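Novice: Following the hints, complete the assembly by docking chain B onto the known chain A.
Protein chains: 2
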Amino acid sequence: MTSLDSATNPAHDAPDVSQLVVGVLGGTGDQGRGLALRLAKAGQQVIIGSRDAARAEASAAELGLGVRGADNATVARESDVVIVAVPWDGHAATLTALRAELAGKIVVDCVNPLGFDKQGAYALKPEEGSAAQQAAALLPDSRVTAAFHHLSAVLLQDESVERIDTDVMVLGDDRAATDVVRALADLIPGMRGIFAGRLRNAHQVEALVANLISVNRRYKAHAGLRVTDV
Amino acid sequence: MTSLDSATNPAHDAPDVSQLVVGVLGGTGDQGRGLALRLAKAGQQVIIGSRDAARAEASAAELGLGVRGADNATVARESDVVIVAVPWDGHAATLTALRAELAGKIVVDCVNPLGFDKQGAYALKPEEGSAAQQAAALLPDSRVTAAFHHLSAVLLQDESVERIDTDVMVLGDDRAATDVVRALADLIPGMRGIFAGRLRNAHQVEALVANLISVNRRYKAHAGLRVTDV
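If you read the sequences in order, they're chains A and B.
When we follow our numbering, the leftmost residue of the first sequence carries the number 1, and every step to the right adds one.
When we follow our numbering, the leftmost residue of the second sequence carries the number 1001, and every step to the right adds one.
With the rest of the complex left out, here is chain A (with noise of 0.2 Å):
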C-alpha cells in the first residue's frame, strides 16, 4: 500500500486546469468561501456568487487573492467550472433559474441534504436520489459532477492550516468533467481528487456528513476521509 502521508495522487490523464474560471454559487457561505480561498490561493481564477451581488463582492474583496464577486447568474456565465455550495433548501430554486447560463458548463455539486434534530443530524433523501442527482435533473445541458462534500469549512478558511489532509470523492458520468474536478481538487495542499463513481451513487456521498458531524462531536475534530491503498 502506499504512503498516506504523501497525499500524491496516482497518474491519471491530469487535463491543464490553470486557465480555467471556477465560479462558486453560494460562495458567500462557509464552505463556498473557504473552498474558493483554497482554490484562489492555489493560483486559480475565482468569482464567487451570492444573490445580492454586492454581497458577493464585499466577501470577494475579504479574500483577496484576485477573487471577484458578482451575482450568481454572472458567476455561471463567466465561469467553465461552477461549484454549487447553496444550502439544499435553495438549490432547485437557484439551479433551475440558472439553467441557460450553466448550459455547457462544469457543474460541481457539493451541497450535502441534511436535517438536524436533537440526536444530531441526519440524511435526508432527495426525490432524484441525491443532490446530484437533482442537478443532473433540472441542467440537462450542463455536464454535472459531485465533489467536495467531506471538507471542514472550518478548516477551509482557516488560513493558518496550510495543509487538509483529506480526499475529495469525484462522481460523475462524464469521464472528461471528472478529470478536471479531480484537477481541481488535486491542488489543494493535502487534498486528492479521487473518482469514487457514478451520480447515482451519489446520495450517500452527500448523506456520509452526517456520520463526520457525529465523528467531530465526539472527537472534538474537524474530520475528514482519506482513500487507502490508492
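Certain hints may be false.
Unchecked claim - Computed cross-link-like contacts, DMTMM-like style, restricted to lysine to aspartate or glutamate with a CA-CA straight-line distance of at most 25 Å:
{"id": "1", "chain 1": "B", "residue 1": "LYS1125", "chain 2": "B", "residue 2": "ASP1089"}
{"id": "2", "chain 1": "A", "residue 1": "LYS41", "chain 2": "B", "residue 2": "ASP1089"}
{"id": "3", "chain 1": "B", "residue 1": "LYS1125", "chain 2": "A", "residue 2": "GLU78"}
{"id": "4", "chain 1": "B", "residue 1": "LYS1125", "chain 2": "A", "residue 2": "ASP89"}
{"id": "5", "chain 1": "A", "residue 1": "LYS125", "chain 2": "B", "residue 2": "ASP1089"}
{"id": "6", "chain 1": "B", "residue 1": "LYS1125", "chain 2": "A", "residue 2": "GLU128"}
{"id": "7", "chain 1": "A", "residue 1": "LYS220", "chain 2": "B", "residue 2": "ASP1186"}
Stated by the list, open to error - Just a sample of chain A residues kept apart from chain B, beta carbon distances all over 10 Å, derived:
{"id": "8", "residue": "ALA42"}
{"id": "9", "residue": "ALA61"}
{"id": "10", "residue": "GLY90"}
{"id": "11", "residue": "PRO189"}
If you are wondering where the hints come from, they were derived from the structure by calculation, not from laboratory data.
Model, not experiment: these values are computed from the prediction.
Here a beta-carbon is modelled for each residue, glycine too, at the ideal position from N, C-alpha and C.
Specialist: Just chain B now, with coordinates in the frame of chain A:
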C-alpha cells in the same frame, strides 16, 4: 492534525474485550472468514458459523488459530459478540431464525445491501432504512451495532498483508456496545474503531461500499477509508 501513520486511536474508555467470544455468522464467506482470521490472529476467541455445521468446521480447521466452527444457532448461543456477515438476501431470514439465541448479545452488522448491473454496483435501500436498522427491528432484545463495512475481503484474507490501513466506522445507539466493537476493531493492526453515529445513519455507511468498488475498479486498488483529524 494527528499523523495518519501512527493509526493510534484517541483515548476512550476502552473496555477489556480479551475474554469475549466473537462469533461470525456467514463465517465461511470471504468477508466473514477474513474478519475471523484477523480477530483470531489478534488473540481473540472466534467461532465461525454457517447453516451447515460441517462446512463451518472445515473452514475453521483451515483457518487454524483456535478458531472453531458450528451451525449459526450454536455460534449465536456461545458468543458474546456476533458479527453478521451473511449475504444481504439471507439477512432477514437468518436473523429472524436466531432471535432467541441473539437476545442480550452485541450484534455487529457488516452487511452491505448492494445491487449490480453492467454499470457496476449501486446501493439498495432496505425498507427499514439500512441492513443495520433491519437487524435492530428483527432483534429487539439484542444490542445492535454496525461496523466493518469498508474492509477489503481480499486484504483480510491475505496472510502476507500484516497491516490493513483503514478505519472501522462503528455505529449504534448503545454506547457501551459501540465501545466494545471499537475495541475489537482496534485489535487489528492498522485499524481503528471510530464511532461514526447512530444506527439511523447506517445506510450511507453501508452504501458507500458501492463507491469503494468504483475506486477499486478505477485504481486497481483494495480501497479503505481513514478518518482524518482523529
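Novice: Quick one: which hint numbers does this structure break? Sort them smallest to largest.
Specialist: 2 and 3
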